[in-house]
Every structure is written in C-alpha cells, then in structure tokens.
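Student: Sequential numbering of the sequence shown, starting at 69, is according to our numbering.
Hints were generated in silico from the structure; no laboratory data involved.
Treat the hints with caution; some may be incorrect.
So the derived label-pair ranges between C-beta atoms look like this [to be verified]:
#, residue 1, residue 2, range
1, 116, 88, 34 to 44 Å
2, 145, 120, 19 to 29 Å
3, 141, 229, 14 to 24 Å
4, 158, 95, 41 to 51 Å
5, 76, 109, 39 to 49 Å
Backbone N, C-alpha and C define an ideal beta-carbon position, used for all residues, glycine too.
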Amino acid sequence: MWHCSDPAAHGHKVRPQPKKPRTEQDEQRAEERRKVIACNRAWKAAAGPRQDFVARLVRQKTLPDAARVFAQEIVLTVPYFYSSWTDKHESETVARFLGIKEPEHADLTETAAQLPKARVVNALFAHVAAACEHDIREPRTWSNLNVRQARYLLLLEALGQDDNGSYRLSEVEDEAVARHRPDTAA
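Use the sequences and the hints to build the structure in full.
Tutor: Shown next as structure tokens:
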C-alpha cells in the first residue's frame with residue numbers, strides 16, 4: 069500500500085475521514101429539529117386563516133361582546149406589547165382588518181373621520197388584534213406562548229365556536245395554548 073507523506077507539496081488530494089456513525093442522541097436531535105421546522109411552518113401557515121377570521125369579525129355589523137371587552141381591557145391597561153406596537157405606527161394590518169382597499173397605502177386618519185359611530189368598537193378591536201398579531205408573528209412563538217398571547221388565541225377560538233364553528237385553532241396553535249387552557253374538571 070502506497071501513501072504520500074506530504075500531499076500538499078505534491079498536489080495530491082487528501083481523502084476525507086469517514087463520518088462517525090450516527091448515535092441515538094444524534095437521531096433525537098434530528099427528530100427535534102424536524103419537529104421545530106414543521107411547527108414553525110405550521111405557525112406561519114396558521115396566521116392567514118386566523119387573520120381572515122379577525123377581518124370577518126371586524127367587518128360584522130356588531131362585534132361580539134367578548135371581543136369588545138378584550139379590546140377595551142388592552143387599551144385601558146396598555147401592556148408593553150401594545151404600547152411598543154403603537155410606537156411603530158404600523159397601520160397596514162389594521163387597514164386590512166377594516167377592509168380598506170390597498171391597505172399598504174391606507175390613511176387611517178381619513179378612515180377615522182368616515183367611520184360610523186356604530187363601528188368604532190370594531191375599529192378598536194381591529195387595532196388591538198393587529199397589535200396581538202404583531203406580538204405572535206415570530207415562527208417560534210408556538211414553543212413559548214405567554215399568557216397574554218394565549219388569551220388572544222383562546223378568545224378567537226371561543227368567538228369561532230360561537231359563530232357556528234366558523235373558526236378553529238390550527239393544530240400547532242391548539243398545542244401552544246394547551247397549557248394555558250382553564251381547568252374544566254373543577
């Protein structure tokens with residue numbers, strides 16, 4: 069068997085070292101990574117139907133009482149996520165929820181002037197829902213959902229059930245809120 073003592077000097081290629089065989093721990097890490105990737109994709113995919121449901125709620129003649137109370141509570145207590153979102157002056161999501169054509173160019177000042185008194189609560193909920201959506205926009209949110217974020221998703225789930233089951237949480241959303249569900253076995 070021949071071998072070269074200085075492959076770089078003679079222009080020879082060095083053969084790669086064989087890969088180590090995969091261990092059970094490597095397999096577990098790979099499986100965990102596959103789960104994280106799948107859940108991240110599912111979380112992103114769930115945003116569309118959830119936001120469509122919010123837009124439908126906002127465009128109804130009357131907003132459900134639970135949504136009104138939730139929106140008022142957020143506005144009156146001004147939690148950090150809401151105040152930081154309002155500082156960004158992001159209005160495209162609010163405009164989309166309100167059904168404004170070309171939401172990326174919407175002038176909410178003009179919209180506010182044209183808004184009928186009966187729809188002010190709907191606009192308030194659209195504003196709060198946009199802040200909540202911004203708060204849960206990151207794909208990894210499913211893995212560490214806080215109480216406030218879970219309350220928003222549970223509210224939407226309850227409103228969807230009250231609306232003849234028109235909206236259900238996706239599998240990843242349901243899994244994320246599971247630890248925040250109130251105990252019903254009391």
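Student: Find the hints from earlier in the document that the structure breaks and name them by number, from lowest to highest.
Tutor: none
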